[in-house]
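Asks: Sequence:
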Amino acid sequence: MSTETLNKEILRGGQFLVKETKCEDIFTLEDLSEEQKMMRDSTKEFVDRELWAHWERFEQKDYAFTEECMRKAGELGLLSVAVPEAYGGMGMGFVSTMLVCDYISGATGSFSTAFGAHTGIGTMPITLYGTEEQKQKYVPKLASGEWFGAYCLTEPGAGSDANSGKTKAVLSDDGTYYSISGQKMWISNAGFCNLFIVFARIEDDKNITGFIVENDPSNGITLGDEEKKLGIHSSSTRQVFFSETKVPVENMLSERGNGFKIAMNALNVGRIKLAAACLDAQRRVTTEAVKYANERIQFKTPIINFGAIKAKIATMAMNAYVGESASYRAAKNIEDRIAIREAEGNSHQEAELKGVEEYAIECSILKVAVSDDCQVTADEGIQIFGGMGFSADTPMESAWRDSRIARIYEGTNEINRMLAVGMLVKKAMKGHVDLLGPARAVGEELMGIPSFDTPDFSELFAEEKDLITRLKKVFLMVAGSAVQKFGPELEKHQQLMMAASDILIKIYMAESTLLRTEKNAKRFGEEVQATQIAISKLYLFEATETVIRKGKEAIISFAEGDEQRMMLMGLKRFTKYTNNPNVVALRNQIADKVAADNGYTFD
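Sequential numbering from 3 applies to the sequence shown in the working numbering.
For the record, the hints were derived by calculation from the structure and aren't laboratory data.
Be aware that a few hints might be false.
[As the list claims (entries may be wrong)] Within a straight-line C-alpha distance of at most 30 Å, the following computed DSBU-like cross-link-like pairs (lysine-lysine) qualify: (1) K428 - K467; (2) K302 - K595; (3) K24 - K578; (4) K494 - K554; (5) K208 - K356; (6) K554 - K39; (7) K467 - K595; (8) K74 - K168; (9) K432 - K356; (10) K356 - K139; (11) K595 - K494; (12) K143 - K208; (13) K170 - K208; (14) K524 - K554; (15) K39 - K293; (16) K74 - K302; (17) K263 - K429; (18) K487 - K574; (19) K21 - K432; (20) K494 - K21; (21) K293 - K595; (22) K428 - K208; (23) K63 - K293; (24) K429 - K208; (25) K248 - K139; (26) K208 - K137; (27) K230 - K74; (28) K170 - K263; (29) K230 - K168; (30) K302 - K21; (31) K46 - K168; (32) K467 - K432; (33) K137 - K248; (34) K46 - K293; (35) K170 - K74; (36) K574 - K595.
[What the hints assert, rightly or not] Estimated spans, in silico, between C-beta atoms of each pair: (37) E77 - E555: 18 to 26 Å; (38) L438 - S162: 49 to 57 Å; (39) G222 - H350: 29 to 37 Å.
Every residue gets a Cβ at the ideal spot worked out from N, C-alpha and C, and that includes glycine.
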């Protein structure tokens, strides 16, 4: 870890809302080391050769092919990037593990689901919570691909309410093993895994407990048929039934009753990794759509020349660039926080757990934003292909179906929207993020006389950064008033929380994009970054429109009379442009660049 990492002040999770971030302090894809670039390129080579070239096999429910590709990934070390070297892994930093997850996931949702379930929730709970004996016994096999892992949390009656599972674990009379009985569903990799992470309840404990369970059919474990799914056709997804399955007491994961905490922390990591897993899918869909639009002739001209198509291409390219910007910003924050904790004497396990937990708000933001955008990108890809996009003979149709699951697993996007705001409010209550002071300041500003001075917006992004600052005031105004009005009861007002969350998400994504582009414009020159500047301005405009709509929706739903009028005036003041951007010109600029490159080239 560099001295620079130790010395610079790293914002805590959620503090982006109340503290300024300098562009020099964020990490971007353009900051990758030579080693990371080599890792990215070797991952892309594997995907192009083994996955993208055979994408149709994944649509034919060829589960054996998915397993075969997973074994090949294991042989190349791609399953071990996040595993410490002591257990047969590469022990790479958090950014590098994000990078592999990103670029290995672009060809098919079937493989990316298998990869994510194995490397994330199938392996990570043992590396982070396992005893030394458990790690030595299981992790090397999982890291090499000799064994595959799966994660058994969801039940027919326990989905979003993960802690309500009915699966039971009963201690034997001699105290040497637990008998686990229950039903788990939607278990990815169930058809070919060797090991399950299983969550069950001991007696009437308030919280569930985690167990490492080897997949032995003679030990009361049976599988349901492969689920018939909308997408991810070759991802093995089955129900798993446990009938008095004997699990040695030494296979309890962490402590009794700690299962819910394990599950939630695993999901935090899973959420940011899921955002990463949606990135290369967007790049590839965008590139395929651009190639098609460049070649498809209608009315004697390539359809890429039509404004309606340009608008779609611009949106697709913008979504990918924005997702990259925010995802790698957060990944480096997590990596730096882990490094600081290790320097302070924490074990790697504890440092990684606390490092990811610190940015749980950002993880939820990214999960929602990038999976939503991935669906939009796939949908626009089908539209550009027209009738051919609806045909299973082109990869657009499968991309659309595969992208749909990303908004459901790792916690639905609705759950994650509410989590983001809920966690932020809790951090404020604990004093970890000062929301109340800035919220009061915004209230006082609304009571005062606005400045009529003409600001100097001559520098790059001067107006845009001023607008971001004011969008943060909108969130503080809306969320602050809602907390004041409803207090602890706020979580019962889900539609208000969802509106506040959409504002929060747009602020983080827009700011991350501006900071990445500003950093690169300073070192590479504004001319070189002209298209990225256009993307940043276009996204901020669209983000501001969302803030206006969601802000108004919230204000008129919980405020009345003078308070409502004052807040609506504040919303108008805080979202006003001095110089409105030419939206059509920005879209055309982006689309023309992507068309000239015949694909997405900003990564």
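Asks: Can the restraint linking K554 and K39 be considered satisfied, given a maximum Cα separation of 30 Å?
Replies: Judged against 30 Å, a Cα distance of about 44 Å means the pair is violated.
Asks: Below or equal to 30 Å on CA atoms is what counts here, so check K293 against K595.
Replies: holds, 13 Å
Asks: Compare the distance between the alpha carbons of K208 and K356 with 30 Å, and conclude whether the hinted pair is satisfied.
Replies: holds, 23 Å
Asks: Take a quick look at whether K230 and K74 sit within 30 Å of each other, Cα to Cα.
Replies: Distance ~26 Å between K230 and K74 Cα, so the pair holds.
Asks: Is 18 to 26 Å right for how far apart the beta carbons of E77 and E555 are?
Replies: With Cβ atoms ~52 Å apart, the hint is violated.
Asks: Between K21 and K432, does the CA-CA distance stay at or below 30 Å?
Replies: Holds, because 17 Å separates the two Cα atoms, which is no more than 30 Å.
Asks: Do the alpha carbons of K63 and K293 lie within 30 Å of each other, as the hint requires?
Replies: Holds, at about 28 Å.
Asks: Please work out if K428 and K208 have their alpha carbons no farther apart than 30 Å.
Replies: Distance of about 22 Å is within 30 Å: holds.
Asks: For the pair we were handed, K230 and K168, check the Cα-Cα distance against 30 Å.
Replies: Cα-Cα ~25 Å, so holds.
Asks: Taken at face value, is the distance from the CA of K494 to the CA of K595 at most 30 Å?
Replies: violated, 47 Å
Asks: Taking 30 Å as the top limit, are the C-alpha atoms of K429 and K208 close enough?
Replies: holds, 24 Å
Asks: Range first: 29 to 37 Å. Now tell me if the beta carbons of G222 and H350 are that far apart.
Replies: Holds, since G222 and H350 (Cβ atoms, about 35 Å apart) stay within the stated range.
Checked against the numbered hints listed earlier, the structure breaks hints 6, 8, 11, 12, 14, 16, 30, 31, 35, 36, 37, 38; every other hint is satisfied.
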